[in-house]
Amino acid sequence: MSQAQTGAEPIVEAKDLTVAYGGQKVLDVPAFQVYDNEVLGIIGPNGSGKTTLLLCLTRLIKPQTGVVFYRGVPVLDSKSVLRLHRKLAVVFQESLLLNSSVWDNLTAGLRLRHVGAGEIKARAEKWLERFGIAALARRQARTLSSGEAKRTSLARAFALQPEVLYLDEPFTALDGPTRQALLEDFKGVLGETKVTTVIVTHDRNEALALTDRVAVIMNGHIAQIGTPAEVFSSPANEEIASFVEAGNIIHGVVGAQSGGLASIKVGEHHIEAVSELPVGSKVILLLPYDDITIFMPSSATMTTSARNRFPGEVVRMFPIGSQVRVTINCGFPLTALITRKSAEELGLKEGTRVVAMVKAVSIHVIGRH
Amino acid sequence: MGMIFDGIKQAFLLLIHGDPQVLKIAWLSLLVSGSATVCSLCVGIPLGAVLGLSRFPGRRFVASLINTGMGLPPVVVGLVVSIFLWRNGPLGILHIMYTPAAMVIAQFIIAMPIVAGFTMAATQQLDPKLRLQILSLGASRVQLVWILLKEARLPLLAAIMAGFGAIISEVGASMMVGGNIMGQTRVLTTAIVGENSKGEFAYAIALSIILMALVFLVNFILTMVQQRAKAR
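Sequence order for the protein chains is A and B.
Counting along the first sequence from 1, when you hit position 130 you're at 130 in our numbering, and nothing is skipped either side.
Counting along the second sequence from 1, when you hit position 193 you're at 193 in our numbering, and nothing is skipped either side.
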């Protein structure tokens, strides 16, 4: 992450990548870098080109134009592509195991890379153990559960001791508890190995939990690249904001401006937010779900630093795990994410009158051009 | 009924006594069809793999030719091979008409498209992403094809059974290019036709039983291999 800022040499670099299927351009990335020891997330909606970008970086497909550089050396002919493949590991959404034993799956790549027999055995044992599947070594891959298969697939990748590890939505197809347990193991292993990692995901929590940098890809273009905090709290445009589900997106116009505190007109309402944009600017406001506080009208008179108070009525409650998504109609819809316990204590239900509050500093203002 | 019973009895007698004539015919059947199967595997598996795994202009056309070839009538093959190997034919100089070599060629032409067609289908049904996964493990192009064929080993063994089954039981082409010459090109199927036309039904039945036992034995072995491959 720091290297990205200090201008160190990237380990993987792509220039002028384009990929088109049937005349339709699906990827257009003028420049892309992966730095040593970083965990880089690639996020974006379905069909935005995430996987295509990963396949280009790994040179598992050949882009129509553009060159991939590995440690500064261009990867051009089939020989250098093979050399590149033998330095990386890829884990796909599907576990894609060979129809043989778990042990064979762990060792197949090592044999292709001409690793010595003793070393192969040591590494396979180590990574089976690390992913908690040592007991499955003799099992046939096709008899594994999806969670066991994914563990095998991850152990196979780490056993290769890749210089760069690529993952394409590795946890998507798993059910909740399996996924959570594996995600934790995986995070531990990433921390231990410090392997340079590129992970394609559409799950913001995964991106937040794992990555140092996030690239957002939209319609085949890199739309934004930055730390997860930057991308999720300050999306560069409305499209990204709505994709990362960072919060409520509200359109408005700057109605008044006083020293960095803008009053933004949203219909008949005014929302105060921190912005230098001049009066009359069209803006998009991003109100993060978890920065919206809900009070009962009786207690809302108490002093608080929150500049924005919106009385309204609960129109919808949708539980997500230990949290509840509460949508309030304040003249415009506003969704807050609160804990289930808070919802119970407040006695919230559909039709309850409440006051929603949000601090001016919590609101992200995006100028519309 | 008595005739069938006689036939079965005679078959056992011929087998038990190890009748040299019968053994020779059975052995030649196995040799000719076995060689033709091996040749058709050598050509059919790579051809089927290329058709199943790669994309090139004209691929579909070649694929449809192969699929048509899977139903090639043996007599047509026999006719074409005869024309080519005939004394005045384009390959007449080889002087292999009415030899086992000619029969191997004809049977190869029958079995090869079957093996190629099965291989094509077997490799096409593999997950396309598996190819990317294997490449990412560090496989070269050749290693990739080898691993994919191993992944498709169950349907590939079916390809061998289908190819061998088609030619060991084939009679038209073998008759036309082999000539059913006693001691030289007489195989089980042509011998059965011959005995049948002579009214030697018992002998024909005996040969039929031997033929079916042979087919069963070969397929039994291949099935064992296949099912072991599955369990492994």
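To be clear, the hints were calculated from the coordinates, so they are not data collected in a lab.
Model, not experiment: these values are computed from the prediction.
Please note that the accuracy of each hint is not assured.
[To be verified] Which stretches of chain A does chain B cover? Using the computed rule of at least three CB atoms under 8 Å from a CB of chain B, they are:
| # | stretch |
| --- | --- |
| 1 | 15 to 29 |
| 2 | 46 to 60 |
| 3 | 89 to 95 |
| 4 | 127 to 136 |
For glycine and all other residues, C-beta sits at the position ideal for the given N, C-alpha and C.
Hints and how they fare:
{"no.": "1", "hint": "15 to 29", "verdict": "violated (count 0)"}
{"no.": "2", "hint": "46 to 60", "verdict": "holds (count 3)"}
{"no.": "3", "hint": "89 to 95", "verdict": "holds (count 4)"}
{"no.": "4", "hint": "127 to 136", "verdict": "violated (count 0)"}
When held up to the earlier numbered hints, the structure conflicts with 1, 4 and fits the remainder.
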